[in-house]
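K.L.:
So the chains spell out like this:
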Amino acid sequence: MDHSTDTPVHQDGHDSHGAPMDLAKTVRSYLKVGGVLILGTFLTVAVAYVPWMQTGVHWADTTIGLLIATIKVSFVGLLFMHLNHERGLIYKVLFFTIIFSIAMMFLFVLAFLDPIKAALLN
Amino acid sequence: MEIPYTVTARPDTGLYNAKVGIWLFLASEVMLFGGLFSSYVFLRIGADFPWPFHELKVLPGFINTMVLIISSVSIVSAWAALKARRYGWYQINMVITLLCALGFMGIKSFEYYGKFTHYSVILHDGTVMDGHPGHASEEHRGDKIALGEVKSFSVNLAKSETAFLRHRRISDGGAKPFGEVPDGQLIKVRTPSGKEVEFTKSWLSGQKRDYRDLENVRAKLATLQARIDSPKARVEDMKRAVTGNYPVPFDAARAETLMAEHQQLQVASAAKLKELDEKIKGLTAANPDAAASTLTLQVVGDPLAFRVDERALAKYNAGEIIFRDDVVLTGKLTGDSIPLNADLIDLRSVKDPEKSLAWKYYPGLKPAFFKHVEEATEAFKKKHPAHANDYETNADWQRSALRVSVEELAPETEAHALMHDESKAVQVERSDKRFYTNFSPSRSPYYAIYFLMTGLHGLHVVGGSIVLGYFLFTGRRMYKRNPEHLANRVEVGGLFWHFVDLVWIFLFPVFYLL
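As they're listed, the protein sequences go chains E and G. Going by this note's numbering, the first sequence opens with residue 1, and the numbers climb by one from there. Going by this note's numbering, the second sequence opens with residue 123, and the numbers climb by one from there.
So here's chain E without its partners, still in its complex pose (with noise of 0.2 Å):
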């Protein structure tokens, strides 16, 4: 729902296609991707108290609760920042941020790598 992105910026609250915002079917929208949302938080927790060791998948709980996580922030991102119709700039900017961001995620790799430590304990 991005109408700010049009040249012109729209003064007059019409939506990029000329007509007149509905208010009451945006917030409509708006108000199932909440009901998503809570939905997803409702699933995190309850993935949360699975008894993941009696089936013998240990990771279970946190790779689906992240992998949940994950999916609510995409909802939030796409449809409440508006990245579903972005200008290409942003999505430059972004593609960077996830790429280094991700890559911090890995950090800890180099320390369980560490040739000294690793010279020291032998």
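These aren't lab readings, by the way, just hints derived from the structure by calculation. Only a predicted model underlies this, so the values are computations on that prediction, with no experimental measurement involved. Each residue gets a CB set at the ideal place from its N, CA and C atoms; glycine is no exception. Among the hints, a few may not be true.
[Stated by the list, open to error] Pair ranges (Cβ atoms, derived):
{"id": "1", "chain 1": "E", "residue 1": "ARG28", "chain 2": "G", "residue 2": "ASN604", "range": "25 to 31 Å"}
{"id": "2", "chain 1": "G", "residue 1": "MET600", "chain 2": "E", "residue 2": "LEU89", "range": "25 to 31 Å"}
{"id": "3", "chain 1": "G", "residue 1": "GLU358", "chain 2": "E", "residue 2": "ALA119", "range": "46 to 52 Å"}
[Said to hold, decoys possible] A short list of chain G residues far from chain E (calculated; beta carbon distances all over 12 Å):
{"id": "4", "residue": "ARG166"}
{"id": "5", "residue": "ALA202"}
{"id": "6", "residue": "ASP351"}
[To be verified] Just a sample of chain E residues kept apart from chain G, beta carbon distances all over 10 Å, derived:
{"id": "7", "residue": "PRO51"}
{"id": "8", "residue": "ILE68"}
{"id": "9", "residue": "ALA69"}
{"id": "10", "residue": "ASN84"}
{"id": "11", "residue": "LEU94"}
With chain E fixed as given, assemble chain G onto it according to the hints.
P.N.:
What follows is chain G alone, placed relative to chain E:
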């Protein structure tokens, strides 16, 4: 001057400037929180102690997640209302957003308060006992070191202050020296020179000033003497160099010149040396108590009593306590235990739970504890037959069997008394204690990063609320002048707010659930 492109899009980017700005800012924010999440992963993977999980109460975190989701819906609806030129709807949605922010911070404060008033004692054998200090109020909290019968104390004139006086208490014989000292009740002391004075901040400042003056003259004298002795010292160096690792031939002519220079300086400086020496004597005679850095004072009248938080001290023993600023109180240690109403016993880090120090303080709970261990083990083996033989190394078993709340170990009334009745508080000897702290960042790396990340997130909530509140309370004029400009502002504020929600979506499972 008008700021360009606040309403219309800039032709090259296709965006109004504030939007580019907020996305660049959010990109930096992603890196900031990304770094902290990365640190969390690092700490958790590398932890050499049972990493706490399911330790935080889920309900407050769950409610806060809901609150932030509602606020995200309301802020984006506020923006849509502006786009549709419905100012009333905009206001309603902004108010909902701000109420959500207030609710979020209220719940967070409630959570923080609970952690700062809950304590944990880790004993030398690894036993952990969580609970509340025996005395509820800060002033009467029992985890302080009490020193009575203080008949003398010493101060360091170079660094001591009078801050230690705030720990002074009225003694009722050493048993409970809890009373506040009434205002104006000063300490009378006898100085080494026999003078009787009232020990006040201004008196100590005077002594420190005299000591500093004396030290300045001494320093001048020492500098002058060093200058006089310098040529002589160089000759000594030359003599030593003859037999050194890299021998240098002795230069007799040079040595003679240097010795002559030394004698000349001695003669030339004799008057100044005498003057400085006289000055030192004069200052010392004027105030002999300020001649040395350590000033020991005898208390005149009743001995004093103190109750001190261990953190204010450098060290202490049975006869004296030493503050970080070198004030030394000499007396008799009358209180050195930590009264605790424990609500949980955790023996996961104890080598032999049968011999845990917990049973020194709670012998009555020992049979119930081991009965619980048996039951938990049976239940575990039944649930996880594959781990029937190696259950002792299993983190889930350790958690269910060896970390037990007092409520599970005693009948309801007795457990309630043990947890809340101050007369039932156990006195944990400080010599048994390895670490004592509330559930603050100092408790463990888990709590350190929990407070860091949730605190930083909380600051974002506060900052965002201020900006959105500003748009709500001052927006009407701008709306009348240029509604699109206000819509753009709210969109930018909203993007920040969604980011705050987005961070919490990860924080909640990471800290509360996983």
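K.L.:
Take a look at whether the Cβ-Cβ distance between ARG28 (chain E) and ASN604 (chain G) falls inside 25 to 31 Å.
P.N.:
Between ARG28 (chain E) and ASN604 (chain G), where Cβ atoms are some 28 Å apart, the hint holds.
K.L.:
When you look at the beta carbon of ILE68 (chain E), is every beta carbon of chain G farther off than 10 Å?
P.N.:
violated, 8 Å
K.L.:
Does the claim that ALA69 (chain E) lies off the interface hold, with its Cβ farther than 10 Å from every Cβ of chain G?
P.N.:
violated, 5 Å
K.L.:
Non-interface claim for ARG166 (chain G): all C-beta distances to chain E beyond 12 Å?
P.N.:
violated, 9 Å
K.L.:
Far enough from chain G: is every CB of that chain over 10 Å from the CB of LEU94 (chain E)?
P.N.:
violated, 7 Å
K.L.:
A range of 25 to 31 Å was offered for this pair. Does it hold for the Cβ distance of MET600 (chain G) and LEU89 (chain E)?
P.N.:
Hint holds: Cβ distance 26 Å, inside 25 to 31 Å.
K.L.:
State, for the Cβ atoms of GLU358 (chain G) and ALA119 (chain E), whether the hinted interval 46 to 52 Å holds or is violated.
P.N.:
holds, 48 Å
K.L.:
When you look at the beta carbon of PRO51 (chain E), is every beta carbon of chain G farther off than 10 Å?
P.N.:
Violated, since 7 Å does not exceed 10 Å.
K.L.:
Quick one: work out the minimum CB distance from ASP351 (chain G) to chain E and report holds if it exceeds 12 Å, violated otherwise.
P.N.:
holds, 49 Å
K.L.:
For ASN84 (chain E), is the shortest CB-to-CB distance to chain G above 10 Å, so the non-interface label stands?
P.N.:
Given that every Cβ of chain G is farther than 10 Å from that of ASN84 (chain E), nearest at about 13 Å, it holds.
K.L.:
Find the nearest Cβ of chain E to the Cβ of ALA202 (chain G) and say whether that gap is larger than 12 Å.
P.N.:
The claim breaks: ALA202 (chain G) does not keep its Cβ more than 12 Å from every Cβ of chain E (closest is about 5 Å).
Hints 4, 5, 7, 8, 9 and 11 from the earlier list are contradicted by this structure; the remaining hints agree with it.
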